[in-house]
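Participant: Chain by chain, the residues:
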Amino acid sequence: MSDGSENGGAMLAVVLIAATIAFVVIGTMWPTKAALAYTGGQGLTSSSSTPEAAVQNLGDEIRASAWQKAYDGLANKAQFTEQEFEHDLKGYYPSLRTYATLDRFEVFPLHASDSDAEVRLKLYWSSVVGISEGTRDLHVVRAGDRWQVEWPIVKKPVVPPQVIPVNYLRWDVIYRGAGDDWGAQDVEAPHVRIVDMRPVERAEGVVILGELLNEDVVPAYVSVNATLIGKNQQPIATEGSFDKISHLLLPKQVTPFLINFPNATLADVGSVRMTPFSTLVPASADPVIEIDNEKLNPAPDASLTGQVINQSGQVVNVAHVLGTFYDSTGHLVWVADEYLDRALLPQTPESFNIHIPEDLARQISSERTIVSTYSSGGSV
Amino acid sequence: MRTPWAILLGGVAGFVGQLIFAQSNQLTLPAMVEAGSAFSIETAGSGQGTLYVAGLGQVIRKDVELGKTAWFPAGSLYDAGRYVVILEASGNSESGILDVAPQTKPASLSFLARPSRLPIALHNGITGAVYVFDAYKNLVTAPTPVSFALSSPSGAAQTRTVTAKDGAAWTAMDSTAKQGADKFVAEDDDIASTRVIGQVPGDPCGLKMTAKPDGDKVALATDPVRDCSGNAVPDGTIVTFTETYGDTQSTVDVPLKRDIAAVEMPAHNGATITVASGVILGNQIRWEK
Amino acid sequence: MQKTELLERSQRPLPLSLLLMAAVAVHLPLLLMKLPLKSYDTNFHIFFASHYLHHWWDPWNPKWYAGFSQTTYPPLPQQWVAVVSHVLGLEMAYMAVQLAAILLLVVGVYRFATLWVSPRAASYAALASVFLGSESFLVYSAGQLGTTAAAPLYLNALPFLFSWVRRGSGRSFIKAVALFTAAAAAHHATLLFGSFFFALPVLALAYLDRDEDGERVAPPAFFARTLAIIAIVGAAIAVVLLPFWIALIHYPVTQTPIPHPSRANYILSPQWGMNYFVVPYGALILALPFVFWRGSTEKHLRPLLLGFWVAFLLGLGGTTPVGPVLLGRAFNVLTMERFSYWATLLALPIVGVLAVELVARFRMRAAVSLTILAAFTCALAVGWTTYHPADAEDFDVSPVAAWLNRDGHDQYRYVTLGFGNKISRLAMMTDAGSVDGEWNSGRMLPELTRYGGGALTSSKYFGTAGLEALRAMLMHADHYGLKWVFVRDEYYDPLLTFAGWRPVDHLNDGTITIWSKDGVPPAQPLNAPQIPPHWQDVIWGVCPFGSSIVAILVLLIPEKRRQAAEARYPAVRDGELGLGRMVS
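Listed in order, the protein sequences are those of chains Y, L and A.
If you count the first sequence from 1, position 111 lands on 124 in our numbering, and the numbers rise without skipping.
If you count the second sequence from 1, position 281 lands on 287 in our numbering, and the numbers rise without skipping.
If you count the third sequence from 1, position 527 lands on 556 in our numbering, and the numbers rise without skipping.
Take the hints with a grain of salt, since some may be wrong.
Unchecked claim - Here are the computed lysine-lysine pairs in the DSBU-like style, where the Cα-Cα straight-line distance is at most 30 Å:
| # | chain 1 | residue 1 | chain 2 | residue 2 |
| --- | --- | --- | --- | --- |
| 1 | Y | Lys-169 | L | Lys-223 |
| 2 | Y | Lys-103 | Y | Lys-168 |
| 3 | L | Lys-111 | Y | Lys-168 |
| 4 | Y | Lys-308 | L | Lys-171 |
| 5 | L | Lys-171 | L | Lys-111 |
Since the hints were made in silico from the structure, they are not lab data.
Given only the sequences and the hints, what does the whole structure look like? Please build it.
Facilitator: So, in structure tokens, the structure goes:
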């Protein structure tokens, strides 16, 4: 091998090693989207040279569940512990938020001066039942050449020591035995009835709205299926109410339901076949949930707001608020819902905000709200 | 012998026997035998033979001496239906038909009563169907009177008597005006079968609430909730209180407890409070301090 | 022969029997302990093999995704597992096939390395392959039977490729075609990328060496031979895997990409750097500067170095921008650990040179150090399954299978939540079908392909995408006859509760809850257009497995001509390395 070849080889080695290092530096300084997915969106450098950048970094750290790093970067961390900071975001009691991950966030500057700024942080949490939003308005202060966030901590609500008597009804079911003779009697499925139904055409497809009544004296576990029948009498599609319904109905309780048929058009539909299901289940009348201060807010940002209060003694881990909206003649206009991602503590109000489509908001003149609940270790 | 193979073998043997031997002249069969009773078959000729009695549910094989009577003790044939009798002797076979009828005396009833729970005062809301069986679980096809009786705890009773045709009888009855567990009894001869029909109150009737101040809240309570026949609506039934104040509203779904639904709601001067249960509306109160 | 006799003892290659015994000594106990069963994909391969065992002539498997075609995955190793399982049972058959792949790798690395370095260095490279971290990582942690079976076949084919294009040996041509085809039947990606990382450097070497050893090959002949073998191998692979190509063309993998941590930046995410770089490379990291230096300074090693370099960069996943740039959309479909595996295989010949030189210079001290480093590398990769297990917790799925198999429960489909990669094992044990599965490229249900989530059983780990897919599937439960949900993670309970499912039973001391939905009709077989026609069933049952039988048969044809390595480096004595007889 000639010296020239060896020199050329050495040069090649240097070039390859240098190129490798360069590629690694580039990939680290400006990570790909796939790589960022595993860092919580954070690159190697996270400058806090502007208020927005400081909030952006905080959002990245929350998304990566880097609680200590996020806490250490706060300007007012002396006012609370890291654990309180984490609980403020993830909930003090097991709830949807406890097991949620931050899917994405948005930063909106509201106001800025040389020494401080107001920045809105909109958080989109991914929970098992879908995305839930949360908004925090943050005060950001300058500390030397960088900015730090003052976290608006909301400390744990204090539930006073008390005894709440609970003596609500509970229904149990004894089914027929496997060895019973043919013809032996079994318990009857609860009688339920669809008391209202209306198909609506929306941009995303056809929506079937309705209300279902448990007209029996026992609790019913219910669901509703709908089949769109074409004008040629052939079925177009069958869909179910899924979670746009309260599945547990106590006697004489009414639930709204909403069934989506994506990509269907009402013009193709000749008729709709509704199939309600009901099953007898063991159930409890507890917990009782009060809904306070319900208010229909007009467009823009039309919504139904209010507060739910758990009147029982047990913690409700997840609450699902379903709103039914009517026009001035009492006709059903829309059904919408919201999951509360905070646990409902006894006698402690939690706010809800159900979005209403703006084009429908003008038609709505009244509403009815119900709440279904989930408590860990038991079903609804 | 009550195995599927035995049934299959018997069926095939009977069918083949019927095809080959159109008529028997060495066999004398009873025209009809009651299920479970003893019977005999006469044979003609001499020597030894084998007698097969094959039906859908049973096959019997018996060695016989030709010219003598073959005795079958009580309980030999218990499934009602048509049997083929084949006599095989010296390589020849002859066959005949034997009908086994169900016993005429009922031994058990299968009683289907629907529904198990229904509102009061519903015309023909209760149906009962009875199938009459003998001691060997054969459907008793002979006409037999079946009586139905629906009695409420208060003692009032509805009765019907229906003649069972081909083993089945059915009737429809009204639910009574009083809630409670009614006994629905079907009886044939001295055999009876009982079902319980829960008669439950109807929708609330004349739902009414009262309100009184309780600190900064208003305590709302319904009068005891009854249906239109005066039956107490069951505890656990949901009663909805709605308070409307200006453009805000508060709602609570409260289950009845000891016939009464009670709740505390914010006391807003001028608020309108309504009460409802299901699709039934109650009274309305305008709250003025 | 005179040259051979003059070799110093210290320059002789290690005997092949010793190398194979080392492989057996290291890996046989681990395989007898069924260690791969803890890996990510082993049960997946056994599940596929189980289907071939019972339905050799019907690749439509109704147990996952409400039905999917196994023609979407090359079948050779799984079919061998199915065949061997008649004697050993499925699990031990898997271990036997895996051991065969490990032994073939030793032979393949030696033969491949002899193209580039001396027989002694090649034998050291082959010995290193026994302890190779990436091999152990793929065998015991990833469970990639296809990749670890295809690579040895490919490596063994390359010397025949060299012999064909360099000297025009017809016998080598036939053997190369047979082995390349069998390698493709074992794993398609190995064939595709192996062409770039392995075959191109070998072709470049053959071209650079065209004037050496007195047998000059003219460039036109070189190119003609190259094109000829490409055409014939391409045609053979097209025929052998015809159902696979038809499935790929008719139903290309267009689903939303699923995140995989091998695409992470290993510096920003050091935990994945440990998993996908430190563990597979092990002590080889220390040799990287030498690999670059010697690969660059030795002219004939440069093609090998370039192949290694590109594979190395791709194996770094999202640590560099090379992967996304070179692979495009494929970067988000492929997993990157296989590139590290190929990179380490490409580095082995040069590592062999390093070992030879260290031993020559430092004798026992070097031997001891190298042994310790090799043992550490292998031990780290094998032990990694304990420190970074595929399943956080081991549990028994047989009660779940028993529950499904009784009282007509298997008339409906099921899905599991929180079962991890136990779903393959469960699928093997039950007659019921599932709407979930572990072979993402085989799934066609729109609820699964639309969102970019992986297996439904691990939905929560895929964030919004995974949960949206789960919601969509539960929403259409009636359509698929999906009546049972087996939950081993309370995280999912609120969704099931609010979506109208009810707990109906508990298993495994209450750790598994069975949820049911009312009104679901029994499952019906899907009349999917993806069901292969009968003629494809026959091809799938005959050709891939047949290709391996053909490969074994043609390898029995004796070689007449010398190998290229024998020209560059002194030949070894018969008996010292009877490699040619064993594999030729």
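Participant: Check the hint pairing L/Lys-171 with L/Lys-111 against an upper bound of 30 Å on the C-alpha distance.
Facilitator: Satisfied, since the Cα-Cα distance of roughly 14 Å is no more than 30 Å.
Participant: Checking one constraint from the list: CA of Y/Lys-308 to CA of L/Lys-171, max 30 Å. Satisfied?
Facilitator: Distance ~65 Å between Y/Lys-308 and L/Lys-171 Cα, so the pair is violated.
Participant: Tell me if the straight-line CA distance from L/Lys-111 to Y/Lys-168 falls inside 30 Å.
Facilitator: Roughly 80 Å separates the two Cα atoms, so the pair is violated.
Participant: Is the hinted pair Y/Lys-103 and Y/Lys-168 satisfied, with a Cα-Cα distance of at most 30 Å?
Facilitator: With a Cα-Cα distance of about 12 Å, the restraint between Y/Lys-103 and Y/Lys-168 holds, given a limit of 30 Å.
Participant: Are the Cα atoms of Y/Lys-169 and L/Lys-223 separated by 30 Å or less?
Facilitator: 26 Å, holds
In this structure, the earlier hints numbered 3 and 4 are contradicted, and the remaining ones agree with it.
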